[in-house]
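Heads up: the sequence lines are chains A and B, in that order.
The first sequence begins at 1 in my numbering and counts up by one.
The second sequence begins at 1 in my numbering and counts up by one.
Everything labelled a hint here was simulated from the structure, so no lab data went into it.
Among the hints, a few may not be true.
Intra- or inter-copy, both count: the list cannot distinguish identical chains.
Claimed, not checked - Computed list of lysine-lysine pairs in BS3-like fashion (alpha-carbon distance at most 30 Å, straight line): (1) Lys29 x Lys318; (2) Lys282 x Lys29; (3) Lys279 x Lys172; (4) Lys29 x Lys279; (5) Lys176 x Lys29; (6) Lys162 x Lys172; (7) Lys279 x Lys162; (8) Lys318 x Lys279; (9) Lys162 x Lys353; (10) Lys29 x Lys172; (11) Lys353 x Lys172; (12) Lys176 x Lys112; (13) Lys176 x Lys353; (14) Lys29 x Lys162; (15) Lys318 x Lys172; (16) Lys282 x Lys162; (17) Lys279 x Lys176; (18) Lys282 x Lys318; (19) Lys112 x Lys353; (20) Lys112 x Lys282; (21) Lys112 x Lys172; (22) Lys318 x Lys162; (23) Lys112 x Lys29.
There are 2 protein chains.
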Amino acid sequence: MAHPETRETDILKAGTVGALATPALLLDKNRLDRNLARLSSRMAARGVALRSHMKTAKSIEVARRAYPSGPGPITVSTLAEAEYFALHGFRDMTYAVGVAPQTATRAVHLRKAGIDLKVLLDSPEQVAILGEAGRAAGVVASAFIEIDCDGHRSGLTTSDPKLIAVAAELAKAGIKLAGVLTHAGESYSLCTPEALVAAAENERAVAVAAAETLRAAGHECPAVSVGSTPTAHFAEDLTGVTEMRAGVYMFFDLVMLGVGVCTADDIAISVLATVIGAKPEKGWIFVDAGWMALSRDRGTAAQRIDQGYGLVCDPSGKLYPDLIVSQANQEHGILAIRSRSAATLPALPIGTKVRILPNHACATASQHELYNVVSAGSDAIEALWPRMRGW
Amino acid sequence: MAHPETRETDILKAGTVGALATPALLLDKNRLDRNLARLSSRMAARGVALRSHMKTAKSIEVARRAYPSGPGPITVSTLAEAEYFALHGFRDMTYAVGVAPQTATRAVHLRKAGIDLKVLLDSPEQVAILGEAGRAAGVVASAFIEIDCDGHRSGLTTSDPKLIAVAAELAKAGIKLAGVLTHAGESYSLCTPEALVAAAENERAVAVAAAETLRAAGHECPAVSVGSTPTAHFAEDLTGVTEMRAGVYMFFDLVMLGVGVCTADDIAISVLATVIGAKPEKGWIFVDAGWMALSRDRGTAAQRIDQGYGLVCDPSGKLYPDLIVSQANQEHGILAIRSRSAATLPALPIGTKVRILPNHACATASQHELYNVVSAGSDAIEALWPRMRGW
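Isolated chain A (complex conformation):
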């Protein structure tokens, strides 16, 4: 099925990077396409479906590039995302946040409207809530059981007797068991290929074992869903896994650089900023991008290389050696040379434009209304792709 034609972005007028009001979010289309192709070909080679997570991009235009032949299976982090992508033709989606009474009601209404929306749960209480919502709406709900593979967040361990109990409750409540779902959240804190390969294998093994436990108890467990951007790129064996979830892989960011999943040249989004002053005696250059444009995320603070609030490039994307956003106020960023570096502060007169690579693509992109889409080597803004937000 082709994507329906709802290109509301055609009405927006594009221009040049040089003429953009700053701060502004840039998206490098070539890097995006390369990142999309890298993971989708990796999964295709392993026969595993890629259920991309839309929480990073939150954009129908990006989703269309991720699924060029038509709406594919997606993951969403909010029901507002589910509704937005449903309006744009996506049908097969998983809402990967534990379900509660109000979200259960809203989710079954989407199911009633023909959207194959699966929800997530890990307790008999949630089964009762979802069963009640499904009965009230007159639809059969569908749920993943969340599995905990690394103690990172919610979910049941494979050995927890509640695993079979929850599956039994689902059956009694007339809810479809979609499968098991786990997320190797721990992988974001790793930084060696060996550790990432091991985390991916653990994620796979735990999910498959949970599915086998359920199947041995007589429950159908069609899907075995795993995923995080690091494990998606380092998994060597995906036997038993039916689908991979990942979101930040589309854009990448400095945290993923620190983990070792990408290079700086793969990072597809950046914040364009303008130099507004300097304090040479302190080694400071001021730009008009503070935490409102960059987000407060300091995910690299715990990594081997602390990137401050971001790494600084010239407008063409070339990195300034060791120049980072060392501090951020609401609308001010302070550029400085990383501590213990021998690099010198570049001369950047007032009005100079810079591009800042973000720590965390999900957080930085969410500070902006839209993507200014650019291609390497060109000053033209080819398109403006709006982002959705809210819950």
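Using the hints, position chain B against chain A.
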């Protein structure tokens, strides 16, 4: 002059807190009004104008409550704010971020449209840029010289010879010198009344000295503008100061609680969230408010009491003892008892609503589209006040 009638919010339908989709931003109108009255009466008693900073609230409805008798003098952090408040009848504003070529052009266009917009600068380069923009637009620009009172950010020190040089350049370029402006950024890291009184006095003394230096050199320097929420509340003497700037005082937050400017009962905004699970063996309760709803701000991490990603209340606003948001993923928050506390985790079944007080009001509010306005003791949402965003 009365506020023009542009109440677009009347078209929005309000409901009850109990029926709100979560996460959602609540604004307690009683607390807001109390906070507004506290600082405006403090300034009125000292004969100092209050030029409220709109970067925190970004809402015309909040601005109208801050200036009940009609549009007053405001500070803005972006030109999008300047344009938004201008459209709603505000005329006297200061854009408190250093000016650069594109913002100079946009600012003088606002001046040409009748808005008394002052910009900020601290270098001869910026004077040249602003002068050029003013000539091109055929208007007389107006600028504050930024003064550095505590080494926190940009600005000139009183003894810097550039101070008089910049004033002379302004005169030559035909730009009006609005005055001097400083911000005691250091005050956010303080936590005793003595230190705050001293920071306020330093802010005042440096600003007044800068103005006197300019006047002694023959420059008119009408405004002496100081401000930060902590110093605004602790200044004992404001001799020579003509106006006070503050923004977060409208809502307050946990950082301000740690500084000692407010009590938890003064914090006017909170994020309503729903319990979606638990992991009792780890002492964890999961809610559907992660950093997307709370922001990544960890401003209390450097304070004596680290509030994690926020302090947790019941829906009526009553604090649970030592219950904080200890971790935050994009759409998940993990509630836990603060370390080294003897408090016990409350029983909060799935579906329970909680209210989370934010670390940083500016950052948390910016994650939301609108304020759900409530009053103490009532479940009714009295109004929906949209927020503006972007640059």
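A quick look at each hint next to the structure:
| no. | hint | result |
| --- | --- | --- |
| 1 | Lys29 x Lys318 | within (17 Å within a copy, 49 Å between copies) |
| 2 | Lys282 x Lys29 | neither (37 Å within a copy, 43 Å between copies) |
| 3 | Lys279 x Lys172 | between (68 Å within a copy, 24 Å between copies) |
| 4 | Lys29 x Lys279 | neither (35 Å within a copy, 41 Å between copies) |
| 5 | Lys176 x Lys29 | neither (39 Å within a copy, 45 Å between copies) |
| 6 | Lys162 x Lys172 | within (15 Å within a copy, 79 Å between copies) |
| 7 | Lys279 x Lys162 | between (60 Å within a copy, 12 Å between copies) |
| 8 | Lys318 x Lys279 | within (24 Å within a copy, 46 Å between copies) |
| 9 | Lys162 x Lys353 | between (56 Å within a copy, 25 Å between copies) |
| 10 | Lys29 x Lys172 | neither (48 Å within a copy, 47 Å between copies) |
| 11 | Lys353 x Lys172 | between (61 Å within a copy, 28 Å between copies) |
| 12 | Lys176 x Lys112 | within (14 Å within a copy, 64 Å between copies) |
| 13 | Lys176 x Lys353 | between (54 Å within a copy, 28 Å between copies) |
| 14 | Lys29 x Lys162 | neither (46 Å within a copy, 45 Å between copies) |
| 15 | Lys318 x Lys172 | neither (59 Å within a copy, 39 Å between copies) |
| 16 | Lys282 x Lys162 | between (59 Å within a copy, 16 Å between copies) |
| 17 | Lys279 x Lys176 | between (62 Å within a copy, 24 Å between copies) |
| 18 | Lys282 x Lys318 | within (24 Å within a copy, 45 Å between copies) |
| 19 | Lys112 x Lys353 | between (50 Å within a copy, 27 Å between copies) |
| 20 | Lys112 x Lys282 | neither (61 Å within a copy, 37 Å between copies) |
| 21 | Lys112 x Lys172 | within (21 Å within a copy, 71 Å between copies) |
| 22 | Lys318 x Lys162 | neither (53 Å within a copy, 34 Å between copies) |
| 23 | Lys112 x Lys29 | neither (36 Å within a copy, 39 Å between copies) |
Checked against the numbered hints above, the structure violates hints 2, 4, 5, 10, 14, 15, 20, 22 and 23; every other hint is satisfied.
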